[in-house]
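Colleague: Input sequences plus hints: build the corresponding full structure.
Going by the working numbering, the final residue of the sequence shown carries number 456, and the count climbs one at a time with no gaps.
Do not take every clue at face value.
Claimed, not checked - 25 Å max Cα-Cα, derived SDA-like pairs, lysine to any residue:
hint, residue 1, residue 2
1, K267, G222
2, K194, P214
3, K194, E334
4, K384, D370
5, K252, D207
6, K402, H346
7, K267, Q250
8, K194, N373
9, K267, G237
10, K384, V311
11, K402, D387
12, K402, D385
13, K413, E424
14, K267, P296
15, K402, Q414
16, K194, E351
17, K267, G297
18, K267, R241
19, K421, F362
20, K252, R230
21, K252, P236
22, K384, L357
23, K194, D332
24, K252, E221
25, K402, T417
26, K267, I282
27, K384, H346
28, K194, T341
29, K252, E223
30, K252, D385
31, K194, A182
32, K421, F347
33, K252, S271
34, K194, Q414
Quick caveat, the hints were computed from the structure, so don't treat them as lab data.
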Amino acid sequence: MAWLRPAWLESAFRAPSRLAPRAVPHLASRAPPAFEVRSSPNKGLGVFATRDIARDAMIMRDPLVFRYDEGEDYAQRYRRFTLLPGATQRDILGLAVGQNKEHLEAVAYSVLSSGKGADSVVEILHLEDVITTNGFGIHADSDSPGGLFLNASRINHSCVPNADQASFDDDGYKVMRANRDIETGEEITTSYTAHFLPRELRQLLLGRWGFTCQCPACDPSNPFSRSHERLLKDHDQLCQDACMDDNGRLKAGGAWPYAVLKQAATRAQKRIELLARHHALRKFSRQAYVPVNLTFGSTSCADCV
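Modeller: Dropping the structure here:
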């Protein structure tokens with residue numbers, strides 16, 4: 152689709168990047184913020200702790216500024232965006248963009264083919280690039296609407312992050328919590344991919360954000376990377392049970408023989424012990440603990456989480 156690369160399309164690819172200096176501290180409480188947005192070496196902007204943050208403590212409660220639905224008409228979505236206050240529009244358009252040309256070409260083709268929004272196609276492409284790069288699912292299920300959150304979107308990726316998306320509360324805020332103790336001045340990171348994926352697949356999926364991860368888990372020369380990959384491989388093998396789903400949890404609604412459940416519970420307990428070895432995987436040990444506890448009333452691994 153080379154014909155889709157005229158000057159107006161190329162200009163969309165030069166939209167503001169993560170290097171844009173604007174940072175917008177939307178605070179949900181009167182307490183001093185636990186974070187600040189500032190320059191991060193080789194990453195543009197990032198989020199950094201302004202004080203020591205304890206494990207499980209809330210880092211931010213960030214308000215939803217724009218909601219969107221998968222499959223929504225691009226022109227209609229842009230029209231809704233233009234109804235936002237001007238300052239909010241500028242803040243959103245100042246977020247990082249991944250400049251995924253294949254995706255933008257597909258959006259441009261859809262807009263031009265439909266005949267709707269053709270006069271605003273550059274602006275539509277910029278908004279869609281921002282959404283693709285910065286959007287969060289509002290709920291856990293895959294059909295959840297998406298949303299933009301100005302501070303959470305500034306958090307950079309790590310395959311061994313120190314923060315997790317805790318929830319989207321009823322008041323419309325994205326809650327981020329520490330998964331280990333974080334020191335003052337330390338960069339706050341979260342994972343853009345599923346935690347259980349091997350390094351090669353993580354790198355492939357991260358390509359949509361336009362960068363190559365250089366975290367300790369992705370550096371083949373780092374001993375931690377090798378041990379981390381072995382842990383993930385061992386975990387994957389422990390998930391190979393007929394009564395477990397793809398996330399390693401007990402399938403709902405199944406009628407399983409006692410021997411099968413006992414074997415699954417034993418494997419789940421071993422998974423807990425594996426996952427508890429690293430802070431970024433501890434929250435999944437809580438999920439693994441569910442079938443053990445419900446099936447056999449075991450509490451022997453409660454201290455692991």
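Colleague: Now tell me if each hint is right for this structure.
Modeller: Each hint, compared with the structure:
1. Our distance criterion of 25 Å between C-alpha atoms is met by K267 and G222, whose separation comes to about 15 Å.
2. A threshold of 25 Å between alpha carbons decides the hint, and for K194 with P214 the separation of about 24 Å falls inside it, so the pair holds.
3. For the suggested pair K194 and E334, the alpha carbons sit about 20 Å apart, so the restraint of at most 25 Å is met.
4. Restraint check for K384 and D370: satisfied, since their Cα atoms lie roughly 17 Å apart, inside the 25 Å limit.
5. Note on K252 and D207: the hinted pairing is violated, with a Cα-Cα distance of about 38 Å set against a maximum of 25 Å.
6. Using a Cα cut-off of 25 Å, the hinted pair K402 and H346 holds, with the two alpha carbons roughly 20 Å apart.
7. About 23 Å separates the Cα atoms of K267 and Q250, which keeps this hinted pair within 25 Å; it holds.
8. Between K194 and N373, the direct Cα distance comes to roughly 20 Å. Compliance with the 25 Å bound is thereby established for this hinted pair.
9. For a cut-off of 25 Å, the pair hint linking K267 to G237 stands: about 23 Å separates their Cα positions.
10. Taking the CA atoms of K384 and V311, the gap is near 16 Å; set against the 25 Å cutoff, the hint holds.
11. For the hint pairing K402 with D387, the CA-to-CA distance comes to about 16 Å; that is within 25 Å, so the pair holds.
12. Proximity of K402 to D385 is assessed by CA-CA distance (about 21 Å); at most 25 Å being required, the pair is judged to hold.
13. Taken as a hint, the K413 and E424 pair is honoured in the structure, with Cα atoms around 17 Å apart against an allowance of 25 Å.
14. For a cut-off of 25 Å, the pair hint linking K267 to P296 stands: about 23 Å separates their Cα positions.
15. Only pairs whose Cα atoms come within 25 Å are accepted, and K402 paired with Q414 is accepted, the gap being roughly 14 Å.
16. For a cut-off of 25 Å, the pair hint linking K194 to E351 stands: about 21 Å separates their Cα positions.
17. Using a Cα cut-off of 25 Å, the hinted pair K267 and G297 holds, with the two alpha carbons roughly 22 Å apart.
18. Annotation: proposed proximity of K267 to R241 holds, straight-line Cα distance about 23 Å (limit 25 Å).
19. For the hint pairing K421 with F362, the CA-to-CA distance comes to about 34 Å; that exceeds 25 Å, so the pair is violated.
20. For the suggested pair K252 and R230, the alpha carbons sit about 23 Å apart, so the restraint of at most 25 Å is met.
21. Proximity of K252 to P236 is assessed by CA-CA distance (about 29 Å); at most 25 Å being required, the pair is judged violated.
22. Between the alpha carbons of K384 and L357 the distance comes to roughly 20 Å, so the proposed pair stays at or under 25 Å and holds.
23. Between K194 and D332, the direct Cα distance comes to roughly 23 Å. Compliance with the 25 Å bound is thereby established for this hinted pair.
24. A C-alpha spacing of about 19 Å is found between K252 and E221, which places the hinted pair at or below 25 Å, so the restraint holds.
25. The straight-line distance between the Cα atoms of K402 and T417 is roughly 16 Å, inside the 25 Å bound, and the hint therefore holds.
26. Restraint check for K267 and I282: the C-alpha separation of about 19 Å stays at or below 25 Å, so the hint holds.
27. A C-alpha spacing of about 12 Å is found between K384 and H346, which places the hinted pair at or below 25 Å, so the restraint holds.
28. Of the pairs offered as hints, the one joining K194 and T341 holds, with about 14 Å between alpha carbons and a cut-off of 25 Å not exceeded.
29. Between K252 and E223 the CA atoms are separated by roughly 20 Å; this keeps the pair inside 25 Å, and the hint holds.
30. Restraint check for K252 and D385: not satisfied, since their Cα atoms lie roughly 37 Å apart, outside the 25 Å limit.
31. Restraint check: the Cα-Cα separation between K194 and A182 comes to about 28 Å, which exceeds 25 Å; the hinted pair is violated.
32. With a C-alpha separation of about 15 Å, the suggested pairing of K421 with F347 holds against the 25 Å cut-off.
33. The straight-line distance between the Cα atoms of K252 and S271 is roughly 18 Å, inside the 25 Å bound, and the hint therefore holds.
34. Under the criterion of a C-alpha separation no larger than 25 Å, the hint pairing K194 with Q414 is inconsistent with the structure, at around 45 Å.
Against the hints set out earlier in the document, violations occur for numbers 5, 19, 21, 30, 31 and 34.
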